[in-house]
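Chains as they are written, first to last, in my numbering: chain A, 1 to 327; chain B, 1 to 262.
Note that these hints are calculated values from the structure, not bench results. Among the hints, erroneous ones may be present.
Listing some non-contacts, in silico: residues in chain B with all C-beta distances to chain A over 12 Å [what the hints assert, rightly or not]:
1) Ala184
2) Leu210
3) Ile213
4) Ile233
5) Leu248
Derived lysine-lysine pairs resembling DSS-like cross-links, with alpha carbons at most 25 Å apart [as the list claims (entries may be wrong)]:
6) B:Lys100 <-> A:Lys107
7) B:Lys100 <-> A:Lys139
8) A:Lys187 <-> A:Lys139
Glycine is no exception: its CB is placed at the ideal position from the N, C-alpha and C atoms.
Each chain, letter by letter, is given below.
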Amino acid sequence: MEPMSTTMSDITTDTTTDTVIAVDDLRVRYGATLAVDGVSLAIRRGEIFGILGPNGAGKTTTVECIGGLRTPDSGSISVLGLDPRRDRDAVRERLGIQLQSSELPDKLRVGEALELFAAFYPEPADPAQLMEMLGLTEKRTTRFANLSGGQRQRLSIALALIGRPQVAILDELTTGLDPQSRRETWKLIEGIRDQGLTVILVTHFMEEAEYLCDRVALLHHGRIRAIDTPANLGAGLGQRISFRATPALDLEQLRALPDVRAVNEQGGRVVIEGSGDVVAAVIALLVQERVVPEQTRVEQSTLDDAFVALTSEADAELAAASSAEAR
Amino acid sequence: MTTAVSSSAGKPPQQRRGGFPSLTLVELRLLAREPMIMFWALIFPVGLLVVLGSSTSSKPQHSYGGLRFIVVYTPVLMMFTVTLLALSAMPATLASYRDKGYLKRLSTTPVGALRLLAAQLSIVVGLSIIVVVLIMLVSHFAYNVPLPSQVIGFILAILLTMTAMASLGLLVASLATSQRVAGAIGGILFFPLMFFAGLWVPQQQMGSTLRAISQYTPLGAAVPSITNSDFGIWPGTTHLIVLAAYTLVALRIATRFFRWDR
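From just these sequences and the hints, can you work out the full model?
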């Protein structure tokens with residue numbers, strides 16, 4: 001058996017921009033509700049692609065369709081050029097899936113679990129090597145029931161990688177982990193990406209997506225609201241500058257400035273949000289009015305802000321649509 | 001391998017090495033770590049055999065169809081064990097796997113439902129064979145219960161019994177929505193099945209209607225087949241057909257309705 005690292009790094013020498021997963025107009029219905037409502041995605045080889053959204057947004061349903069665990073009502077999915085339902089076995093050999101909250105038998109030992117799953121695949125990774133990589137070697141003979149949350153999560157990642165997949169789907173990877181274990185898990189995922197794997201990361205932690213993902217799709221009520229890099233999604237919202245003003249400042253003057261979107265007063269601080277040159281414009285006004293800003297803070301909008309903005313926008317649309325319907 | 005990675009897409013997957021042997025081995029290990037199951041399935045029946053064999057009359061009884069008590073009860077004890085393994089231990093295990101999400105986890109691998117069910121089936125049949133042989137040997141050498149002289153008939157009858165019960169177990173495991181439900185269904189089925197086997201009232205003492213009904217239940221068909229084989233009589237063809245029918249129907253429904261997920 002070849003060592004894992006050789007093989008994986010070879011994959012990266014392929015064209016790095018080709019699409020490994022293509023989802024087109026995916027729809028899944030649960031009873032009366034559309035859990036997934038026209039999702040289209042193109043995931044490139046070697047990237048960490050985040051699928052973000054609040055609970056019930058349709059994230060898990062989407063990846064379960066990609067993994068062939070669920071049959072969509074309509075739409076098409078191609079995984080490495082294969083159909084997850086029709087070419088079920090071929091896809092399963094090439095796709096590693098870490099499922100949200102799936103446990104192993106209590107008395108199954110770590111080493112046994114990896115040996116067992118290795119036997120399912122045609123060319124598995126070396127269990128000992130994977131245990132080493134994920135820091136599980138010492139836990140080799142520990143039963144699943146006696147593992148900590150972080151150790152279970154690492155075992156789960158190991159099992160998703162045991163078949164030497166080309167694509168790994170990791171669903172709610174760090175939910176329930178303490179901050180320390182979460183950071184460690186992130187490092188692991190970065191390590192996996194560096195080996196050339198394509199990773200789909202399902203999460204509702206903005207921080208996680210910002211730290212790990214090359215691109216993210218924001219999913220809300222079964223629809224994709226935006227797909228971009230985390231930085232671009234934040235930048236689209238622009239910047240926020242806040243300070244304590246002495247003497248007090250006429251907020252209307254600020255609102256009149258170009259590029260300013262919103263001006264608020266929060267706990268004695270003036271908070272201005274805007275795009276483009278909003279910071280420069282505000283500072284010029286302060287100088288002109290001889291106002292001294294204290295405790296000034298300038299922040300680039302984050303993915304978190306982008307998410308809140310997009311979801312509240314979508315909620316407002318929905319509310320408007322349903323009230324229009326009611327009428 | 002690497003070149004194959006990108007180019008093998010679309011080609012049929014390479015022929016797969018097992019998964020079945022590993023799955024069976026691991027499941028056996030897990031079973032060996034369940035002392036309660038091992039006690040009830042292996043030690044309890046043999047212990048009960050010794051207690052019954054040592055404490056009951058060694059004279060043939062008219063009420064047992066002219067047979068000794070222990071001769072009548074040996075096959076009943078065999079059925080007791082097979083039923084316990086097939087209808088109680090195995091469905092509970094599979095249902096707990098489903099509750100935990102372990103079955104769903106397995107469904108993301110190329111292993112497939114067939115191998116999983118085959119592994120469970122082989123374990124039930126394998127362990128059943130061990131216990132049945134154990135009971136047979138102890139009852140023969142300690143209490144002079146005749147070894148089956150109709151060997152082929154006996155093997156056929158006992159194997160069909162095991163597959164019928166294991167298939168019923170898989171059916172329970174497939175239909176049960178949780179481990180608790182699996183336990184309940186297994187428990188509810190256990191009593192009528194064992195009743196018709198003659199655990200409480202030997203078939204020889206049942207009324208003619210009851211006895212007729214029992215011949216169409218899996219264990220009611222199994223027990224006389226085995227007793228007959230002990231005395232060199234070919235098990236009734238109807239009995240064998242009944243057992244085969246239970247196996248086929250239960251397996252068909254079990255695989256049709258098997259669910260990986262809750």
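Checking each numbered hint in turn, tell me which of them this model violates, lowest number first.
none
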